[in-house]
Amino acid sequence: MQRRILIVDDDRQMVRTLCDILRLRGWEAQGAHSGEEAVAAVKREQYTTVLMDVRMGGMSGVDALKMMKAERPALRVVLMTAYTANDLLAEATRQGALKILSKPVAVPGLIEMLEESVEQTHRVLVVDDDPAYLKTLTAILRDGGYVVFEARDLDDALGKIKGREPAAVVLDLRLPHGGPRDSVVAIKEVSPAVCLILYSGSPGALEEAAATVPSSWVYATLQKPFAPERLVEILDEIRVA
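Okay, so the sequence shown: first residue is 1 according to our numbering, each after it adds one.
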């Protein structure tokens, strides 16, 4: 299981200390000392997680987060801050920050959270009101090594997202009681960081969803019928992003 992390802070001593601690815990840790340097590193290499300060000289952690997500939408980014700036932190959440930690960071809690974030990459929620199709997709993904949860309607899906925190949601857009946009918006409001994979037998539904929400909200789309192997490939991309 990959454990590659980029630590980003303009406090060089903090970067060195956190890198040393995480290396002792089995992580491959690298450091960067500015938002600009971190964005360049993410463009060059793949990381399991980025742990980054919000306030740094030059580019802020929130601006760096936006650029990282544009480059690698599935990247898990954890932000740290010693300040209370509600507007800035709300923007970070909307942009898909996985967590926002208060500084000084408690190392035991940090390590536990990072390990949980790695485990989270194996958790997938499949949402479909067709029991037979839901069962088929679940079986295929479990054979691929994923921990799969099922939901047959949007309310059930939102509850499982809150309780299970999957890394990805595989969503049939033709659910009862709501249009494609409504489903996408509701899921992103509950979990902005989740990777959303949409599928439908109706090309119009996929086009409507793509046209009415920010492009960064949707990781991938699949037109039914699709090869199950393609879905596994997409989830594998997310897991190693």
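Any given hint could turn out to be false.
No more than 30 Å apart at the CA atoms, straight line, and that leaves these computed lysine-lysine pairs for DSBU-like [what the hints assert, rightly or not]: (1) LYS162 <-> LYS224; (2) LYS162 <-> LYS135; (3) LYS135 <-> LYS43; (4) LYS43 <-> LYS69; (5) LYS69 <-> LYS160; (6) LYS99 <-> LYS160; (7) LYS69 <-> LYS99; (8) LYS224 <-> LYS99; (9) LYS103 <-> LYS43; (10) LYS103 <-> LYS188; (11) LYS188 <-> LYS160; (12) LYS135 <-> LYS160; (13) LYS188 <-> LYS224; (14) LYS103 <-> LYS135; (15) LYS162 <-> LYS103; (16) LYS103 <-> LYS224; (17) LYS162 <-> LYS99.
Hint data in this document are derived by calculation from the structure and do not stem from the laboratory. From a predicted model like this one, the values you see are computed outputs, not experimental measurements.
Do the hints match the structure? See the list:
no.: 1; hint: LYS162 <-> LYS224; in the structure: holds, 28 Å
no.: 2; hint: LYS162 <-> LYS135; in the structure: holds, 22 Å
no.: 3; hint: LYS135 <-> LYS43; in the structure: violated, 37 Å
no.: 4; hint: LYS43 <-> LYS69; in the structure: holds, 10 Å
no.: 5; hint: LYS69 <-> LYS160; in the structure: holds, 24 Å
no.: 6; hint: LYS99 <-> LYS160; in the structure: holds, 18 Å
no.: 7; hint: LYS69 <-> LYS99; in the structure: holds, 14 Å
no.: 8; hint: LYS224 <-> LYS99; in the structure: violated, 34 Å
no.: 9; hint: LYS103 <-> LYS43; in the structure: holds, 27 Å
no.: 10; hint: LYS103 <-> LYS188; in the structure: holds, 27 Å
no.: 11; hint: LYS188 <-> LYS160; in the structure: holds, 13 Å
no.: 12; hint: LYS135 <-> LYS160; in the structure: holds, 17 Å
no.: 13; hint: LYS188 <-> LYS224; in the structure: holds, 23 Å
no.: 14; hint: LYS103 <-> LYS135; in the structure: violated, 44 Å
no.: 15; hint: LYS162 <-> LYS103; in the structure: holds, 25 Å
no.: 16; hint: LYS103 <-> LYS224; in the structure: violated, 47 Å
no.: 17; hint: LYS162 <-> LYS99; in the structure: holds, 14 Å
In terms of the numbered hints stated before, the structure departs from hints 3, 8, 14, 16, listed from lowest to highest.
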